[in-house]
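Trainee: Listed here are the chains, written in short residue letters.
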Amino acid sequence: MELLAYGFGQVLDPFNLTVILVGVLVGVTVGALPGLSSPMAVALLIPFTLTLDAVPAIAMLAALYCAGTFGGSITAILINAPGAPPAVATAFDGYPMAKRGEAGRALGMATVASVIGGVFSLVVFLVATPLLADLALQFRPQEYFALTLFALSMLASISGRSAIRNLIAGALGILLGTVGVHLTSGVERFTFGLHELTDGIHFVPVLIGLFAVSELLSQSRTANVAYERITSVVIRLPSRADFLKVRWTLLRSSCIGTFIGILPAEGATVAAIVGYNEAKRFSRHKEEFGKGAIEGIAGPEAANNAATGGAMVPTLALGIPGSATAAVILAALVAHGVRPGPRLLSQTPEFVYVIFAAMLIANLMFFALGLGGAKVFSRVTLIPRTFLWPAVFVFAIVGAYSAAASLADVWVMLIAGCIGFVMQRHGFGAAPLVMGLILGPLVEESLSQSMILFDNNWLRFFESPICLAFFALTLFGLFWSPLVAALQRTAARA
Amino acid sequence: MHRTDLAAALLILAGCGAVYYATTTFDEVSPLFADNIGPAWFPRLMLWSIAVLALALPFEHRFVAGGRRRLDEERSDRVKRITFLTAVLLFIVVAAIGLLGMALAMVLVSALLPLLWGERRYRVLVPFALLFPAAVALLFSQVLRIYFEPGRFGFAFG
Chain B
1 MELLAYGFGQ
11 VLDPFNLTVI
21 LVGVLVGVTV
31 GALPGLSSPM
41 AVALLIPFTL
51 TLDAVPAIAM
61 LAALYCAGTF
71 GGSITAILIN
81 APGAPPAVAT
91 AFDGYPMAKR
101 GEAGRALGMA
111 TVASVIGGVF
121 SLVVFLVATP
131 LLADLALQFR
141 PQEYFALTLF
151 ALSMLASISG
161 RSAIRNLIAG
171 ALGILLGTVG
181 VHLTSGVERF
191 TFGLHELTDG
201 IHFVPVLIGL
211 FAVSELLSQS
221 RTANVAYERI
231 TSVVIRLPSR
241 ADFLKVRWTL
251 LRSSCIGTFI
261 GILPAEGATV
271 AAIVGYNEAK
281 RFSRHKEEFG
291 KGAIEGIAGP
301 EAANNAATGG
311 AMVPTLALGI
321 PGSATAAVIL
331 AALVAHGVRP
341 GPRLLSQTPE
351 FVYVIFAAML
361 IANLMFFALG
371 LGGAKVFSRV
381 TLIPRTFLWP
391 AVFVFAIVGA
401 YSAAASLADV
411 WVMLIAGCIG
421 FVMQRHGFGA
431 APLVMGLILG
441 PLVEESLSQS
451 MILFDNNWLR
461 FFESPICLAF
471 FALTLFGLFW
481 SPLVAALQRT
491 AARA
Chain L
1 MHRTDLAAAL
11 LILAGCGAVY
21 YATTTFDEVS
31 PLFADNIGPA
41 WFPRLMLWSI
51 AVLALALPFE
61 HRFVAGGRRR
71 LDEERSDRVK
81 RITFLTAVLL
91 FIVVAAIGLL
101 GMALAMVLVS
111 ALLPLLWGER
121 RYRVLVPFAL
131 LFPAAVALLF
141 SQVLRIYFEP
151 GRFGFAFG
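Going down the list, the sequences are from chains B and L.
When the first sequence is numbered by our numbering, its final residue is 494 and no position is left out of the sequence of numbers.
When the second sequence is numbered by our numbering, its final residue is 158 and no position is left out of the sequence of numbers.
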C-alpha cells in the first residue's frame, strides 16, 4: 500500500503530470494518424526522454502506449482508416455506425471500452507482476534461457504473414545483438575495425529506422492520398441499454486482451482481433456484425487496451517484452539504466508502482480527451502527408543523432530503415527483429552461464522441470500455427 | 517452388555465408577463457538457424494459410520510382549533415522531400521548411542541451 501511495505521489507531481499529459496527447494524435504507430512514436520519443529522469521518462512513454492504442479507434470509426493496427477490427462496425449517423455513439463506446479494458489490465498488472517476479527470482540461468527461448518461439505466431519469416527476422535481430565486444572473452565481433561498433549497435537508431524510416519509404507510394473531412460529431457516453448489452463482452474482452498481452511477443492487434471474434461468437445478434454492431466496437477496444497493461507484466517482471511497443519501452528502460526483470522488483519495486499509476492516470486522461476532443484529434488526418512525413524524418535524424551525439547512428538509422522497408515488402516484420535485438544478449548470456554451470553438457538442460516445460511450450509455439493451417486445409478439402 | 522466395532464400544464404566467414576472423580467445563458449559459437548458431529456416522459404507457400497470394500481397506491385528517389534523397541529406550541419540538413529535407512528393503550395512549404526545423533545432539544442554538428558553414539555429 505504501508503494502504491509512493507511485501515485510521484505521478501526481505537477511536472510528471504534465509529462504524462504530453504522452497522452502525442499518443492519441499518433494513434489517430494512419501510418504512424505507437512503437514508432515511442522510438522517436526515447532521445527526447533521455534528458529526463527515469520516472517521468517511462511514465511519458507508458502513457503514450496506452493513449496510442486508443487513438487508432477515432479514425477507424470516423473515416474507416484505422490509425493503428490494433484498431483494424474497430473499423468493421465503427465505420458502418458512423455512416448511419451514429459516430458519436460509436466513439463513446470505444472510449469507455478502452478505459475499462485498460484499467482491468492494470489491476492484473499490479497483482501479477510481483507474483511473476517472485517466481522468476527462483530461476537459474538455464531456466532463464528456456524462458527467453520460449519468448522467441512466440515470434512465430505474432501478427504477420509467415511464421518462418518472423523467426528469421527474430534470429537476425539476435545476430545484430552480438555485434560489439563479447562480454566473456573480450573479443570484438563484427566490428570490422569501426570503433563506433565496439559497444554494439545502439537500440535507438535501429528502432527509429525500422519503425519510422521504413514506414516513410512505404508511405512515399501514397503521398498524395487525402482523407475525407470529418463532419461534426457529438460524442455520447454509452446509454444504459448499450452498456447492459455489452457488459459481458467488455469483461470477456478485458480478460482476453490481458491474457494475450501477457504472452510474450503477442500484442494489441492480436488481442483486438480475438476480442472481436469472441464478441461475435457469443453475440445473440451475429447478423449485425459488420453492419454496425455496438458489441463489435466494445470487444476489440476493450481487448486492445487490456493488452497494454498485460504486455507490461512480462516486460517488467521478466525483462521479456509483451509486444512491439513494450519492446521499445524496454529499450528505453535500458537506455535509462533500468534493467527490467525480477531484480527490478526486489531492488526498486516502487518503479513498477510508478508505471502502474502513470498508466492509470493516462487512461483517465484519454477518457476525458476522448470524450471531449475526439473531433479535434480526428482532424489530424487533414495534415498533408507531404508535410507530415518530412517532419517525421526530421525527428528521426535528430532522435538517432542525439542518443549518442553520433553521426554514425544516423547512418545506422537510415540503413536500418532501408533494410526494414525491403524486409517488410517480403513479409519479414520489424517487430520480431526488434524483439530479437533486445532479447539476444539475454539469450546468449543465460546460455553461456548455463553451459559453464553444466560443464558444456547441454543435456543437463533437461534435468530441470521448468526448462522442460518451457521447451515444450516452445515447440508448441513453433508448430501451433502450421498445425492449425494444415488442419484448416484438411477441413476445407473435406 | 516460389521463385521470388527462392531468390530471397539464396540471398539470405549468401549473406549467412559471408557473415559466417566474418566469424572465422574473430581474434583468438585467451586460454583463460578457452573452456567457455567461444565468441563465434553463438553467432554461428544463429546463422545456422537462419540458414535452415531460409531453406524452407521457397516452399512456404505450400503450407501457409492463404498460400502464394497471401505471401505476395505486399510485394505484388513493383517498388515505385518515387520510393527509390525518396531513399536517394534521404541518403543525400544524411551525407550532407557533415558539410551543412544538422540544422541546414533539416531545412534541406523539409524543403526537398515535400517537393519530391509533389507539394507545390509554396506559401505553406517555405514557412514549413524554415520554421519547423528551427523549432526542432531550438528545442533540442536549447531545452534538451543536445550539441548539433554545425557543419562547414558553422550554422545552427541554436
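To be clear, the hints were calculated from the coordinates, so they are not data collected in a lab.
Check each hint, because a few of them may be wrong.
To be verified - Derived contacts from chain L toward chain B, CB cut-off under 8 Å, selection only: (1) T24; (2) P43; (3) L71; (4) L90; (5) A134; (6) V136; (7) F140; (8) F153.
What the hints assert, rightly or not - So the derived list for chain L, only partly shown, Cβ under 10 Å to chain B, looks like this: (9) I12; (10) E74; (11) F148.
What the hints assert, rightly or not - Here are the in silico distance ranges between beta carbons for each label pair: (12) L:V126 x B:S406: 15 to 23 Å; (13) B:K291 x L:M1: 54 to 62 Å; (14) L:Y20 x B:A472: 44 to 52 Å; (15) L:R81 x B:V376: 34 to 42 Å.
This structure is a prediction, so every number in the text was calculated from the model and none was measured.
Glycine included, C-beta positions come from ideal geometry on N, C-alpha and C.
Trainee: Give a verdict on every hint.
Mentor: Comparing the hints with the structure gives:
Annotation: L:T24 was flagged as interfacial toward chain B, and the flag is violated, the nearest CB pair being 12 Å apart, outside 8 Å. Hint on L:P43 holds. Least Cβ distance to chain B is approximately 5 Å, under the 8 Å limit. Among the interface hints, the one on L:L71 holds; its C-beta lies about 6 Å from the nearest C-beta in chain B, closer than the 8 Å criterion. The criterion of a C-beta within 8 Å of any C-beta in chain B is met by L:L90, whose closest approach is roughly 6 Å, and the hint holds.
Look at L:A134: its Cβ only gets to about 11 Å from chain B, farther than 8 Å, so that hint breaks. Checking L:V136 against chain B by beta carbon gives a least distance of about 6 Å; that is within 8 Å, so the hint holds. Taking 8 Å as the C-beta contact cut-off toward chain B, the hint placing L:F140 at the interface holds, the least distance being around 6 Å. Evaluation of the L:F153 hint against chain B yields a violated restraint, the C-beta minimum of about 16 Å exceeding 8 Å.
Interface restraint check for L:I12: the shortest CB-CB distance to chain B comes to about 7 Å, inside 10 Å, so the restraint holds. A least Cβ separation of about 5 Å between L:E74 and chain B falls short of the 10 Å threshold, and the interface hint therefore holds. Satisfaction of the interface hint for L:F148 is found here, the shortest Cβ-Cβ separation to chain B being roughly 8 Å, below the 10 Å cut-off. Range check, L:V126 to B:S406: about 32 Å between beta-carbon atoms, so the 15 to 23 Å window is missed.
Between B:K291 and L:M1 the Cβ separation comes to about 43 Å, which falls outside the hinted range of 54 to 62 Å. The beta-carbon spacing between L:Y20 and B:A472, approximately 31 Å, falls outside the hinted interval of 44 to 52 Å. For L:R81 and B:V376, the hinted distance range of 34 to 42 Å is satisfied, since their beta carbons lie about 37 Å from each other.
In summary, the numbered hints that this structure violates are 1, 5, 8, 12, 13, 14.
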